[in-house]
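Residue numbers (my numbering), protein chains in the order written: chain A, 1 to 164; chain B, 1001 to 1164.
I should point out that these hints are in silico values taken from the structure, not numbers from a laboratory. Any given hint could turn out to be false.
Claimed, not checked - Straight line, CA to CA, 25 Å or less: simulated SDA-like cross-link-like pairs of lysine to any residue:
#	chain 1	residue 1	chain 2	residue 2
1	A	Lys58	A	Leu82
2	A	Lys58	B	Leu1070
3	B	Lys1058	B	Thr1102
4	B	Lys1058	B	Asp1072
5	B	Lys1058	B	Gly1007
6	A	Lys58	B	Ser1138
7	B	Lys1058	A	Thr102
8	B	Lys1058	B	Phe1034
9	A	Lys58	B	Val1161
10	A	Lys58	B	Thr1102
11	A	Lys58	A	Phe45
12	A	Lys58	B	Asp1072
13	B	Lys1058	B	Phe1039
14	A	Lys58	B	Phe1034
15	A	Lys58	A	Arg77
16	B	Lys1058	A	Lys58
17	B	Lys1058	A	His103
18	B	Lys1058	A	Ser138
19	A	Lys58	B	Phe1039
20	B	Lys1058	A	Phe45
21	B	Lys1058	B	Leu1070
Claimed, not checked - These stretches of chain B come out as covered by chain A in the derived footprint (C-beta under 8 Å, 3 or more residues):
#	segment
22	1068-1077
23	1092-1103
What the hints assert, rightly or not - Partner residues aside, some chain A positions facing chain B, computed with beta carbon under 8 Å:
#	residue
24	Leu26
25	Pro50
26	Asp62
27	Glu67
28	Pro110
29	Ala158
Glycine included, C-beta positions come from ideal geometry on N, C-alpha and C.
Listed below are the residues making up each chain.
2 protein chains.
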Amino acid sequence: MLKNKIGTQACSIARSAAVIDDAWVLLILREAVFGSRRFGDFMAFTGAQPSVVSDRLKRLVDAGVLEQSLYDEHPPRYEYRLTEMGRDLQPVLMALTKWGDTHLDAGGGPPLVDTHTSCGHDTDPTVVCGHCAESLTSENVRSSVGLGADPDTVAQRADAVRRR
Amino acid sequence: MLKNKIGTQACSIARSAAVIDDAWVLLILREAVFGSRRFGDFMAFTGAQPSVVSDRLKRLVDAGVLEQSLYDEHPPRYEYRLTEMGRDLQPVLMALTKWGDTHLDAGGGPPLVDTHTSCGHDTDPTVVCGHCAESLTSENVRSSVGLGADPDTVAQRADAVRRR
């Protein structure tokens, strides 16, 4: 299967992965969350080449994560802001940041501290069950087939589980 | 900056992005969470070419996310299991899945339903403040410099914010 077909898999990880499909995209999103809107800032803070920044911004606009708006007419210049869909990625990025802080901090402590403005404490982002508020872990979650599943994939998986 | 230098940035998103640096890695991790351990299953369920599966499994072993163990000696065959570091990614993947379910389900409903076995309900994974348990959103979080920050980057960012 070609990489550009990943997004056609009936799977929300695959569809998300087709949007966030490389490290530069994650860095561009990080900068958008920090408030960068202009090409030069995205370039300076990600360390990416102009062609990379340009390509990733376009992809994120096409995916509906960023929206582009004209801020100067002569010459035309655009800025890029997170859409609602893009802002909804912020909690996901915070959970990922905590994983990085926990496992990849190189002993130096977290580079960045996120404060929850409502309570004034460090956010310590935690993924919990929306029903009972207990933390979700690999020990307490079971996956099953949903409405949007692809029947062929379901059959193939069931067969593999039987063979284990 | 070269892509392989992303992981040297003093930033937990960059360090995480250097591990989860393409869509195939996310699909391999999805399969590992679902219980795949063997090369053939990773290949069948991600749709990736053997060389891609082999490369990504090696990278994830090198990063400490998967561990490799011999399950057959003649010929030598290996299986791949999530380490504790790898299992800690599961909540992050669940939060990402919810984002995909919300914004990329193509109207067909979620392909997969995760059940929280402790309470018996759908997980509805929610990223909350570990201190007060309120949901974290782009509206209620403020970032500031942490112990592990790089002083040059901090100065550069402060300058950019002044110019906005």
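So, going through the hints one by one against the coordinates:
| no. | hint | in the structure |
| --- | --- | --- |
| 1 | Lys58/A <-> Leu82/A | holds, 13 Å |
| 2 | Lys58/A <-> Leu1070/B | violated, 44 Å |
| 3 | Lys1058/B <-> Thr1102/B | violated, 32 Å |
| 4 | Lys1058/B <-> Asp1072/B | holds, 18 Å |
| 5 | Lys1058/B <-> Gly1007/B | holds, 17 Å |
| 6 | Lys58/A <-> Ser1138/B | holds, 22 Å |
| 7 | Lys1058/B <-> Thr102/A | holds, 22 Å |
| 8 | Lys1058/B <-> Phe1034/B | holds, 19 Å |
| 9 | Lys58/A <-> Val1161/B | holds, 24 Å |
| 10 | Lys58/A <-> Thr1102/B | holds, 22 Å |
| 11 | Lys58/A <-> Phe45/A | holds, 18 Å |
| 12 | Lys58/A <-> Asp1072/B | violated, 47 Å |
| 13 | Lys1058/B <-> Phe1039/B | holds, 11 Å |
| 14 | Lys58/A <-> Phe1034/B | violated, 33 Å |
| 15 | Lys58/A <-> Arg77/A | holds, 14 Å |
| 16 | Lys1058/B <-> Lys58/A | violated, 31 Å |
| 17 | Lys1058/B <-> His103/A | holds, 18 Å |
| 18 | Lys1058/B <-> Ser138/A | holds, 22 Å |
| 19 | Lys58/A <-> Phe1039/B | violated, 35 Å |
| 20 | Lys1058/B <-> Phe45/A | violated, 30 Å |
| 21 | Lys1058/B <-> Leu1070/B | holds, 14 Å |
| 22 | 1068-1077 | violated (count 0) |
| 23 | 1092-1103 | holds (count 12) |
| 24 | Leu26 | holds, 4 Å |
| 25 | Pro50 | violated, 12 Å |
| 26 | Asp62 | violated, 13 Å |
| 27 | Glu67 | violated, 14 Å |
| 28 | Pro110 | holds, 4 Å |
| 29 | Ala158 | violated, 12 Å |
Of the numbered hints stated above, those contradicted by the structure are hints 2, 3, 12, 14, 16, 19, 20, 22, 25, 26, 27 and 29, listed in ascending order.
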